[in-house]
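K.L.:
Okay, here's what each chain looks like letter by letter:
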Amino acid sequence: MRHILSILVENEPGVLARVAGLFSGRGYNIESLNVAPTLTEGLSMMTITTIGDEAIIEQIVKQLRKLVTTLKVVDLTDVKAVEREMMLLRVDAEGSKRAEVLRIVDIFRCKVVDVSPDELVLEVTGTQDKLTALVSLLQRYGIKEVARTGSVAMRRGMQE
Amino acid sequence: MELTGAQILLESLRREGVEVVFGFPGGAVIDIYDQLPNYPLRHVLVRHEQGAIHAADGYARATGKVGVCLVTSGPGATNTVTGIATAYMDSVPVVIITGQVPTPLIGNDAFQEVDIVGITRSCTKHNYLVKEVGDLARVIKEAFYLASTGRPGPVLIDLPKDVQTRLTEYKYPKTIKMRSYNPTYAPNPKQVAKVAEVVRRAKKPIIYAGGGVIASEASEELAWLARSFDIPVTATLMALGCFPADDPRWLGMLGMHGTYAANMAISNADLILAIGSRFDDRVTGKISEFAKNAKIVHIDIDPTSIQKNVPVHIPVVADCKSFLTALRQTLEPTLAEQPAAGHEAWNAKVAAWKEEKPLSYNQEGAVIKPQYVVETISRLTKGEAIITTEVGQNQMWAAQFYAFTRPRSFISSGGLGTMGFGFPAAIGAQMAYPDRLVIDVAGDGSIQMCIQELATAVCYKLPVKIVILNNGYLGMVRQWQELFYKKNYCATCLDVAPDFVKLAEAYGAAGFRVTDPAKVESVLAEAFALPCPVIVDVVVDREENVAPMVPAGKSITEMILV
Ligand SMILES: Cc1ncc(C[n+]2csc(CCOP(=O)(O)OP(=O)(O)O)c2C)c(N)n1
Ligand SMILES: [Mg+2]
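If you read the sequences in order, they're chains D and A. First residue of the first sequence? That's 1 in the UniProt record's numbering, and the numbers climb one at a time after it. First residue of the second sequence? That's 1 in the UniProt record's numbering, and the numbers climb one at a time after it.
Same shape as in the complex, but just chain D (with noise of 0.2 Å):
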């Protein structure tokens, strides 16, 4: 099953290769990664989504609670969570095709951020499923390059 998790470190050099070392040095995978600093100083918050059982699950986030520059690790699977991805996509426009990929820019609330004779980059932030639903929509007109930044998460706010 698909975990996504939130962890928060001290940030200094050498901490994502404790991290992602954890990972590649027991066999896990990472299947998304994203580190930016936090509201506090020195510290960072990572969000990895894996794909993993409970007990190997269960595994990772002890370890990674054992390294000693993590302060919290947070299953956010386990939560009501939202979560985002953001992605940049250079798709073919030209001629008649620009109409209908704009088209399909509106419906799933996309930017266009840059535009050229025949190509358009776009810009578009969602679920996972979503953005995977856009890109399989958008390749019979031509996916020159795709940027994805990896899923960031956060818990929902205090609810029942």
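So the derived list for chain D, only partly shown, Cβ under 10 Å to chain A, looks like this: (1) L8; (2) G21; (3) G25; (4) A55; (5) R65; (6) K72.
Treat the hints as calculated values from the structure; they're not laboratory data. C-beta: ideal position from N, C-alpha, C; glycine also.
Since the structure of chain D is already known, use the hints to place chain A with the ligands on it.
P.N.:
Okay, now just chain A with the ligands, sitting in the frame of chain D:
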């Protein structure tokens, strides 16, 4: 006061209570060596950096204090890697200081540059590259704190040459708090209550002790539990000595080369108290067959060890000593009303297993049996020596036939199984305890892996005794070839070997050779009485096997017994 990085390092080591540093110099640590004579630290100059790290490790295992090792950059640093991994696998507190090329050259493939922090990331508890001299004091404080607290382990500090010479104001932190590191020592009281309940109710309990009992100095507390509730005790290789071998409740080691009684008892128990052990594959054998009917209680300071290999019914994250103390407080008040809960039938069964198939060998004829050598050492030293081992059959025979009476007296590379470990580790232990008898039970193969440290032992007048169980083979591998590879003894016969007696003499140590079973005792006694390092080369039965043996992948009840 302003000090250089090198001075800060040495002054901080002093403040950490370090007495001995095992090291080997080079260009990247010459500034540290330049200052060394000004500090009250004893330095042991080894002959190979692997010797330094194993000696620091042996010192730490024998004392419980942090061992310290100092080496130069590049090859000096890489030569310690095997020893770092050895300490990591067995949770031994050591601090390794490596020199590094000057900071402006880092990343330039400079002379004797390696990324030792990168190389050792997965075999240290933590490691540091210190780029600012202002960080050095804090880093050293943290390194000692990390190495010795929680689940102990090696911590490496990589110190560039220019940082060693730079000046800064020195202030050594008195206390330390790390927001990202807070090991749990005290057990959750609810879990302790649950354990107390199952201990009271169990009909067929067993204690399966591991290295955590030694690391947390919990032998006494463990003995209280075993004796108050009349529970049989088995232990892993790492925990030998945590419970006295002459106690009737002692079953011996369990696992691949464990005793019949220990393996049968753990397989038939209804309650397993796993205390500071980690269900290693050499212990459990085929995991799906392991202790299928038992309730498992697992106490470990490292949460990652719990539920890793076997499902656990009552997990307790805690230091073994804190846990056992809390358990005693819970159990003791009601002990009088509730006399040790009817384990008579169980204990009779366990006793029968012990009697049925004890560890045995047959010292008949003109050839010396290796087991007899170890048993003789045990008798001569009354189980009170510090025994280190190499790896292979020698290690297993030492574990099986030496009757340990106290913790920290068996020093062996368990997790990594590092040949070459025993002798330098013995040097480390002997540095810590100059007056105790320290004996390396060695194999003829392993001893050649760090034999150069004979010069160190002679130089520092460390009267370490090396007893080689010389079978002319890489015996343990040969045993596997015999049993599972149709006796295809490929690359395990050590046809050409040095004359170990002459070798000892060449280094200025003493050497003996024994080939006659009748002489074993007298020669060992003579060797042990000498005040210098000694090699005793005991020529033993070439194809003797370690038994019992659980073939890899089999259930631990499926022992080959001969
Ligand atoms: C550094 C290292 N290399 C290889 C091995 C694999 N190995 C395990 S036991 C063994 C044989 C050791 O021979 P010896 O020291 O003579 O001991 P014996 O088994 O004969 O008592 C070997 C090669 C190891 N454990 N460590
Ligand atoms: Mg041998």
